Amino acid sequence: MPQFDPGVFATQIFWLALTFIPLYFILSRSLLPKIGGILEQRQRRLDDDLGKAEALRKEAEAVLAEYEKAHAEAEARAQAAVREAQEAIAAETAKAQDALSETLAKQLAEAEARIAQARQEAASGIREAAAEVASAATERLIGVKPDAKTAAGAVDAAAGD
Amino acid sequence: MATNGGHSPLEQFEIKPIIGDWVVNADGTRYLPFHTLTNSSLYMLIAIAGVLIFLSFGMRRGAMVPGRWQSMSELSYEFVANLIKDTIGSEGRKYFPIVFTLFMFVLFANLLGMLPYSFTVTSHIVVTLALALMVFIGVTILAVAKHGLHFFSFFVPPGSPVAMWPLLIPIEVISYLSRPISLSVRLFANMLAGHTLLKVIAGFIAPLGVFGVLPFALITALTGLEILIAFLQAYVFAILTCLYINDALHLH
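Going down the list, the sequences are from chains A and B.
For reference, each letter of the first sequence is one residue, going 1 to 161 in this note's numbering.
For reference, each letter of the second sequence is one residue, going 1 to 252 in this note's numbering.
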């Protein structure tokens, strides 16, 4: 096997050293730091962007919370206003109803008073008319005109039973 | 081995001088002077050129949003970086360049070997052994520098009874010393066996005539497997290097 020919050992070791050592130095001094630098830079950029995104997210959340707070406040105010309006309407309605019932009661009382008066008037008119009729009838029957008092007393006596 | 007119499956592993020539010893054996440019040296040069082109072309713009090529370069970087993070932890950052260089060198050498008529650098034990010894010696120096004489406690399994030490310590020492051998032979043998198998099966295609379609189908499937193995062995080499560094840093 060519691998075990000692005559080719020296040249391979020499060329291995001649190629491997420079490769090591070029890689470790120049190329690897360059790749590492780019990877690190990218990682930093990513972290930066992630941080920025996180900050934006927090900001958005704060805005949302603020909006929700404002919304809740507005709702509460609106509800209060509605309640106030309802109360005001209810109070006005009650007042109007009171006023109406008062007016009605007053009118009723007036009407009752008027009716009572009219009845009284009518009652007294009937007495006088009855007395007049009685006195006129008495005059025509017996030619004597009784005075008003007697006639009235007779009417009262007749109506009294 | 290549006795039958250069059609041996092992012919692909022969080292051929490109600039320079064989020197014949007095006893009839021959050798290549160390500075000879051979097919092996050529493929080592192509491999490192491949690594450098792959990474520097990928990074030529260094864009914040990477293109396809840049993504692949970054992927290789992050692959090895994660490997180190998982096996060694954050202390391992210092050893990232050497692990990355080993991984990329072995990977490109393995993959270049998959091209027809090319040469597989890592199919030679002397290359893989040199890489493994570099890892082994480096790791041992690291361990001694970090722990001093305490390093030798590494050969005493923690919690083992003293009576067992005469048995356990030699086993631990042998297992430690065999690390460079297992590390190098694993890679070398995988490359050797895979490429030999491909050539052996390829040798059946022409003699079988129409039925050569069968070995041809097999070789197509095996080529896919070999590409997987090329990745896998580079990964294994890198992860074992990481584990050895981790042992050197933490002993147990």
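Accuracy of the hints is not assured; some may be wrong.
[Stated by the list, open to error] So, partial list: chain B residues that the calculated Cβ filter (under 10 Å) puts toward chain A:
(1) 45
(2) 59
(3) 78
(4) 96
(5) 121
The hints are simulated quantities; they were obtained by calculation from the structure and are not laboratory data.
Just so it is clear, the structure is predicted and the values come from calculations on it, not from any experiment.
Where a beta carbon is used, it is the ideal one built from N, C-alpha and C, also for glycine.
message: Flag every earlier hint the structure violates by its number, smallest first.
response: none
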